[in-house]
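Chemist: So the protein sequences, as listed, match chains A and B. Residue numbering for the first sequence follows our numbering, starting at 1 and increasing by one per position. Residue numbering for the second sequence follows our numbering, starting at 1 and increasing by one per position.
If several chains are the same, the list does not tell them apart, and a pair holds so long as it fits within one copy or across any two.
Think about it this way: if two alpha-carbon atoms lie no more than 30 Å apart in a straight line, the pair counts; the simulated DSS-like pairs of lysine-lysine are:
#1 305 to 327
#2 315 to 305
#3 305 to 335
#4 163 to 327
#5 52 to 163
#6 335 to 52
#7 52 to 327
#8 335 to 315
If you're looking for bench data, these hints aren't it; they were derived computationally from the structure.
2 protein chains.
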Amino acid sequence: MPTPLYSSDSFHRACRGEPVRQTPIWLMRQAGRYMAEYRALREHHPILEMMKNPECAADVTLQPVNAFDVDAAIIFADILTLLEPMGLDLEFIPGRGPVFHNPIQCGEDVRRLASVRPETDLAFTLEAIRITRERLDGRIPLIGFSGAPFTLACYAIQGGGSKDFDDVRGWMYRNPAAFTDLMDRLTEAVIAYLLAQIDAGAQALQLFDSWAGSLSQSEYARRAAPYTRRIFEALEGAVPTIHFSANGGHLLEQIADMPVSVIGVDWRPDPGQVLNRLGRDTVVQGNLDPALLLSSDEAMLEGMKQVLEGFSPAKGHIFNLGHGVIKTTPPERVKLLVDSVHACTAHAPSPGAERAES
Amino acid sequence: MPTPLYSSDSFHRACRGEPVRQTPIWLMRQAGRYMAEYRALREHHPILEMMKNPECAADVTLQPVNAFDVDAAIIFADILTLLEPMGLDLEFIPGRGPVFHNPIQCGEDVRRLASVRPETDLAFTLEAIRITRERLDGRIPLIGFSGAPFTLACYAIQGGGSKDFDDVRGWMYRNPAAFTDLMDRLTEAVIAYLLAQIDAGAQALQLFDSWAGSLSQSEYARRAAPYTRRIFEALEGAVPTIHFSANGGHLLEQIADMPVSVIGVDWRPDPGQVLNRLGRDTVVQGNLDPALLLSSDEAMLEGMKQVLEGFSPAKGHIFNLGHGVIKTTPPERVKLLVDSVHACTAHAPSPGAERAES
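Please work from the sequences and hints to get the whole structure.
Modeler: In structure tokens:
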């Protein structure tokens, strides 16, 4: 790949903890049902079909980029698509979400899982990345992503969503060897998939371990962290990496101990306390409550200021929500948020700038 | 009420941080579908009917007391029944859980809520407490409970369960005055209900703020903590009080700052780190992962030992799960857990004993 030249390089500078002209912002699930453009496409195409059509996936990826002044795009895909070529039969059922019709039930099911060859098995997302890079033409960087092994394992075993994935933890405790085998296979698949995304043009990678927070600190350390670490080690030095987990406040120290560029934080923990725990020499992403975008402009902007101030002592801060955009979010409020983050931080000395002078 | 004389007073001693002969244990949702006796009753009676029949509620309350050597009983009731006499039309729909057919949508709906007169409106639970106390005959203490105002507000506004109650937070941010009004009314109702439970014979009270963890630290401080505090202030000195919140690890310091006897901890945080944060001068309840009861005896007992050891420096520890008993739990494993907690702590110097000598 040629060295990228961005009009706005604040996202990458923040990832590296370098001074920025203004705090970069993008939003998890920034392409989604809250946008009329997205709903118009969804009317005619099931979600999985949209993801598997590279032109369509690129279109959707660019919808929020065209509508808002975000500092990064994220490829339109799903954290679970990786499981399909491994042999799990995925369907998105309206109103119910992702369902796997043949969930993993025993060690034999794990051993039957196929290896993933991303260039053929997940060619649609790689092609979508190539098309999106071309269309972005260097304006802003493109983020690729995958679900992390533990979260993939949750869905593979449960066969769909769950409130707490209690039964998955039960399975994990009952079948420690099969679970380890599953995590090993998922880790290899995720590494191959993410490296292929870099080859296709992804300029940063986010690992979504959405359900890691359902593990206790000690079980996370034993059963999930080693695999997540292996992924970040495999990606080290290639592109900036971001970790995100919902409800993972109790895991932040363990995650920050990995070779990851940016620590994503959900909306629950106080930014000041996050920095007290992790140290200021940390690059963080987050953490506005997405429900604040359902409120008033004033309440949202007050929340935004708290996040900006709270994270201002950090080595770097990428503004984001503490979870995905909620589907009832008014798009004009997303626009106000993006513009306000830029306006509020444009003239303030950036955290990185202070560091650079000292 | 006459002063209670317990055969086993370890629960109350632990609540007060006094030395105990062995660590007391009870389990959240210890009366429930994992027990054949319970399922046999449920076959013939909808759950709400079981709760509203005092004899039946007492029967169910005593099922785990008769089956296991637990150190406390908890009255069979629901955290949400309080909302019904306030004017919310509650139904338990099989496979879906509690549903309110007329959720709160505006400030006018809040103003229309009725005051609760527990002695008439919730007479069934108060009577169940009286009957259970008689039948327990001083063997072990009986715990009463209620949902906390924020959690009650979540269900009242959402009209049922939700993954994260995002829409409730959106409503709360949009309608701050109506939300405050709602929290005020719920707080008065909870106080009246819990005081009535004491009058009826409840010897300890647990406040379930199951969904407090969906609030950020700053929003919890502003919008939920003052109401929870008001409840514990109203109960101070009457009976021991316990706070429990799932996913509330980020709120522990704020909760420990209230006049509450015992801090419940879900299975996520490491016991040692909980004590580092709150100090050893704390009485804690928890925090075994309930999914460990779905595993092997060995794995469960290893987890149990970690919890016992981790919390051993605390002023007091009431052993419990970090959440309710899962319905697929084998009852024989509950028995093994209860007996093992007693056996493992019977001869060790108790945390309280150490303190008493120093």
